[in-house]
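Everything in the sequence shown is counted per my numbering, starting at 1 for the first residue and increasing by one.
Honestly, the hints are just simulated from the structure, not real lab data. Treat the hints with care, as some may be off.
Derived DSSO-like pairs (lysine-lysine); straight-line CA-CA distance at most 30 Å [as the list claims (entries may be wrong)]:
(1) K86 to K172
(2) K172 to K128
(3) K86 to K128
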Amino acid sequence: MTVLEKPSVTKASHTESGAPRLVRRVLIYSHDTFGLGHLRRSRAIANALVGCSRDLQILIVSGSPVVDSFAFLPGVSYVRLPGVTKRTDGGYASLDPATPLDRTVAERTAMILRTAEAFDPDLAIIDKEPTGFHGEMLPSLRRLAARGCRLILGLRDILDDPALLVPEWERKGGAEAVRTFYDEVWVYGIARIHEPAAALGLGPEIEARLHYTGYLRREAARAAPVRHDPDLTRAPFILVTPGGGGDGAGLIDWVISAYEADPGIALPALIAFGPFLDPRIRHDFEARIARTGRLAAITFDSEIEVLMLKAAGIVAMGGYNTFCEILSFDLRSILVPRTEPRREQLIRARAAEALGLAQVLLEEDGRDPLQMAAALRALPTQAPPSRVVVPGLLDGLAVIRARVLGQAAPVAALRRAGSRS
Numbered sequence: 001m002t003v004l005e006k007p008s009v010t011k012a013s014h015t016e017s018g019a020p021r022l023v024r025r026v027l028i029y030s031h032d033t034f035g036l037g038h039l040r041r042s043r044a045i046a047n048a049l050v051g052c053s054r055d056l057q058i059l060i061v062s063g064s065p066v067v068d069s070f071a072f073l074p075g076v077s078y079v080r081l082p083g084v085t086k087r088t089d090g091g092y093a094s095l096d097p098a099t100p101l102d103r104t105v106a107e108r109t110a111m112i113l114r115t116a117e118a119f120d121p122d123l124a125i126i127d128k129e130p131t132g133f134h135g136e137m138l139p140s141l142r143r144l145a146a147r148g149c150r151l152i153l154g155l156r157d158i159l160d161d162p163a164l165l166v167p168e169w170e171r172k173g174g175a176e177a178v179r180t181f182y183d184e185v186w187v188y189g190i191a192r193i194h195e196p197a198a199a200l201g202l203g204p205e206i207e208a209r210l211h212y213t214g215y216l217r218r219e220a221a222r223a224a225p226v227r228h229d230p231d232l233t234r235a236p237f238i239l240v241t242p243g244g245g246g247d248g249a250g251l252i253d254w255v256i257s258a259y260e261a262d263p264g265i266a267l268p269a270l271i272a273f274g275p276f277l278d279p280r281i282r283h284d285f286e287a288r289i290a291r292t293g294r295l296a297a298i299t300f301d302s303e304i305e306v307l308m309l310k311a312a313g314i315v316a317m318g319g320y321n322t323f324c325e326i327l328s329f330d331l332r333s334i335l336v337p338r339t340e341p342r343r344e345q346l347i348r349a350r351a352a353e354a355l356g357l358a359q360v361l362l363e364e365d366g367r368d369p370l371q372m373a374a375a376l377r378a379l380p381t382q383a384p385p386s387r388v389v390v391p392g393l394l395d396g397l398a399v400i401r402a403r404v405l406g407q408a409a410p411v412a413a414l415r416r417a418g419s420r421s
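Turn these sequences into a full structure, and let the hints guide you.
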């Protein structure tokens, strides 16, 4: 990572009187190289902000190839960057196989800078990556800082296992970027579940900028006027969702195997494959599903909250957004976290299980169909998350609104990094 250049102009995120600069325009950067998590988190924040301020304009800069499949509230728009995908070896490549990755990164970098200059935001929220994908945010960070834009780094509750996270941040210059550019760091979770920056040794200066917001509460989606849900959803059912689906084949296979091994599982299941599941694998799954008579499948639903609200329980990998929905909709859940290439889902799932918020099954234990079948049988009578009281657990959007718009926020969720709930 190249040495960061200090902004040439002193930042002015506050007026001369000391009051926070009035926020009219918010830029949200979501690099989105794989899956749906970053985009869905950015969308939740954007919709929550414009939902309480008609004067606010929000622009999401996203690399997601499915960004145009999602509905946004009036006041939210987006710019789609050239796509990048993650390879099975953990590396990256352009979504267009004919384009070298460095050319795609250069195109994305230039597009982000043009967008930032034209939009001229008062506040920018950068999701997860302090310097952006392959450093693509650095030119824009310098320009925005020089213009006095307030810069926020937004982190999910868990980044990765410390043994993997520390060298990654060192390689990408993450800590240096935070010191150089960012006014605040928001952690979209609570310290009681995890402290993502604890292993990074960022020092007291950055610790003072760190705020735990709580998880991002999700609201029930307003269903489109015409929906064609499978007939199976007209009665109690279990929803199975691996998120984007690119790394969810193991979870889906385990659930199908459970129904193949135990036809007596009380509730049927609807499997949402996700848009990034390999088509050949999906075809094989569809054939097996048709033979069971107890399962149905869809590829993708941008309003999956509608299905969650109807479901008697959920089986999921335990990504950040799904976990927020489990908490928000008080869903009984079985979490089957991935462990490669990141251990983020495993850390979250174990913390949730320790608090009594979810049940956890691990693929590394062998994917025994009867083990999954037993869990599916017990799911409808499992205790819901609401049986556990955790202060500030779902205050995230209220706290973000307060920090952006100056509105009142729950006191419990305004604790700084040094506080412990």
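To see whether the hints hold, each was checked on the structure:
A hinted pair counts as satisfied when its Cα atoms are at most 30 Å apart, and K86 with K172 qualifies at roughly 17 Å. Distance hint between K172 and K128 is fulfilled; the C-alpha atoms sit about 12 Å from each other, no more than 30 Å. Between K86 and K128 the CA atoms are separated by roughly 16 Å; this keeps the pair inside 30 Å, and the hint holds.
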